[in-house]
Amino acid sequence: MALDWQVFCQDTIDKTVVKGCFGTGGATGTQTYLDWLLQAWGQTIIVAGLSLIVALVVGAIIGTIRTLPDNPWLARIGNWWVELFRNIPLLVQIFLWYHVVPVLIPAFAKTPKLALVVFGLGLFTSARVAEQLRAGIQALPRGQRYAGMALGFTTLQYYRYVLLPMAFRIIIPPLTSEAMNIFKNSSVAFAVSITELTFFAQQAGEETARGIEIYMAVTVLYVISAFAINRIMAFIEKRSRVPGLVASTGGGGH
Amino acid sequence: MKKKHLLAFAVAAAAATGAFAQANDTIAKVKAGGKVVMGTRESSAPLAYTLGNNQFVGYHVELCQRILKSIFPGVPVEYVAVTSANRIPLVQNGTVDIECGSTTNNEARQKDVAFGLTTYVTEVRTAVKVGSPVKSVADLNGKTVATTTGTTSVALLRKNKRAQGITFNEVYGKDHADSFLLLESGRADAFVMDDNILAGLIAGSSNPKGFKIVGETLNVEPIAVMIRKDDPKFKAAVDDYIRKAFKDGEIKLLYKKWFLDPIPPKNVAVNLPMGSVLTELSKNPNDKPAEAFNK
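Going line by line, the protein sequences match chains A and B.
First residue of the first sequence? That's 1 in full-length UniProt numbering, and the numbers climb one at a time after it.
First residue of the second sequence? That's 1 in full-length UniProt numbering, and the numbers climb one at a time after it.
These are computed hints drawn from the structure, not numbers from a lab.
Please read all numbers here as calculations on a predicted model, not as lab measurements.
In this text, a Cβ means the ideal position worked out from N, Cα and C, and glycines have one as well.
Please note: incorrect hints may appear among the correct ones.
[What the hints assert, rightly or not] With a straight-line cut-off of 25 Å between C-alpha atoms, the simulated DSS-like cross-links for lysine-lysine are:
| id | chain 1 | residue 1 | chain 2 | residue 2 |
| --- | --- | --- | --- | --- |
| 1 | A | K15 | B | K111 |
| 2 | B | K161 | B | K174 |
| 3 | B | K111 | A | K110 |
| 4 | A | K19 | B | K174 |
[What the hints assert, rightly or not] Just the calculated beta-carbon pair ranges, DEER-fashion:
| id | chain 1 | residue 1 | chain 2 | residue 2 | range |
| --- | --- | --- | --- | --- | --- |
| 5 | A | F108 | B | P208 | 39 to 49 Å |
| 6 | A | D11 | B | E107 | 16 to 26 Å |
| 7 | A | F108 | B | A138 | 47 to 57 Å |
| 8 | B | Q110 | A | S177 | 46 to 56 Å |
| 9 | A | A228 | B | L260 | 53 to 63 Å |
Could you put together the complete structure from these sequences and hints?
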């Protein structure tokens, strides 16, 4: 079967090949499948990027409170949070946010659907980040905490200056996985009518009968997005490395 | 019962010893094989669906049963459930002699198979809640419109949007049930889709009286029974029966039975009166592909 890449230069309404592959855009202008593909990629990046911010912020808070000493209730809330969000399939969570939450909590009825998806994907991932951060903090020798206390730091201070900087360094590799996963998981957003890459693949595939070319292009864009995040995280990992501190230096200790 | 089977078998055996069926002569093949195989769908209500237990019913199923009874009196019918993906190969390779489901007759498919005269026309229309001010596509200006990802309706909406210079928001369900939920929950003001799908979803909803189908027809797709290509004798026999059935009102009765009266298993009526295109066609039936309807 011959591949026909010209499909991306076609106008999305009358299917004629547009010169230069880009339409004139605008509300009444023409649009090619390439325009649409790039727009869909933008949606994927927006959903994934915002969800990643939510996941890191909420995950950091929940992961931290699960390790607080003398605060069994906060730790319990953290545990519930993690179990709640990681025991429900992602697709179901997205539907819950989109269809159920606005009915139960009317304040959410006017929230843009993009925000609902970002909450859904972000909180789902926050449970995973929280679990990793907890493991990172607990992997530190107990002496670190005691040393912080011995210096007269308050709990907030020794978390801020001693435990968290080290725990975050330890968990950068699994966090890289999560950050890449968020790009791939953002494909569920098509189920609640976010016009991202998976939506584009399904719709343009049906319209053009060129599903193979469309899916190949979409796959490449997912790979590029996820790999870009991978490189960014690798850069952060390299720049934040403290010699002799973290296993990745080959020293194998803290 | 047993005697009848024996008899059929004897007739079949006798026929088989005669001229063996040519590749594309369905009538000879059925006479030789002593059975006719009907391909049908499991969940294309009310056109063709199953009640379980290898029992198939629906508008197209019953129409085909009548066609086959008149062409092959006394020959038992065997049912094979087909899917969107395998229906054309199964007709081509002879597994299925006639397919009676919900297959659109279009130019691409006419290269592989033949179609009987159009017996059902699905029209793309708009479903809204009762009491909605939306009565036509022009009324969608400023509204939110739902449709299903991966359907022709999405492109259709886009086309109308540009042609009529109206602006509306689109929301997409990942399947028809999701799209209907968008309408039901108020996230969308209208749902644009094939009328029989809309009618089926409304009939199956928690409040069938709360929705109605309105507005002009945005697109037309002729649906017909599918048979092997290059079998003029069988096609003529099928078409003759359909032409006669249109003429003497038999199709009208069948249509009423499956589209207007309560149907099993839930005993709910789909409640979809015959569309304008099919009514027109019944006076002068044809087997033109979808492309001819949407010029």
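Cross-check of the supplied hints:
1. At most 25 Å may separate the alpha-carbon atoms for a hinted pair to count; K15(A) and K111(B) meet this at roughly 22 Å.
2. Simply put, K161(B) and K174(B) have alpha-carbon atoms about 21 Å apart, close enough for the 25 Å limit, and the pair holds.
3. With a C-alpha separation of about 50 Å, the suggested pair K111(B) and K110(A) falls outside the 25 Å cut-off, and the hint is violated.
4. Between K19(A) and K174(B) the alpha-carbon distance is near 33 Å, which puts this suggested pair outside the 25 Å criterion.
5. Separation of F108(A) from P208(B) is about 29 Å and departs from the stated range, judged on CB atoms against 39 to 49 Å.
6. Distance hint check: the CB atoms of D11(A) and E107(B) are about 21 Å apart, consistent with the given range 16 to 26 Å.
7. Against the hinted window of 47 to 57 Å, the Cβ-Cβ separation of F108(A) and A138(B) comes to about 32 Å, which falls outside the hint.
8. Q110(B) and S177(A) have their C-beta atoms about 51 Å apart, which keeps the hinted 46 to 56 Å range intact.
9. A hinted range of 53 to 63 Å holds for the C-beta pair A228(A) and L260(B), which are about 58 Å apart.
Hint violations for this structure: numbers 3, 4, 5 and 7, all remaining hints satisfied.
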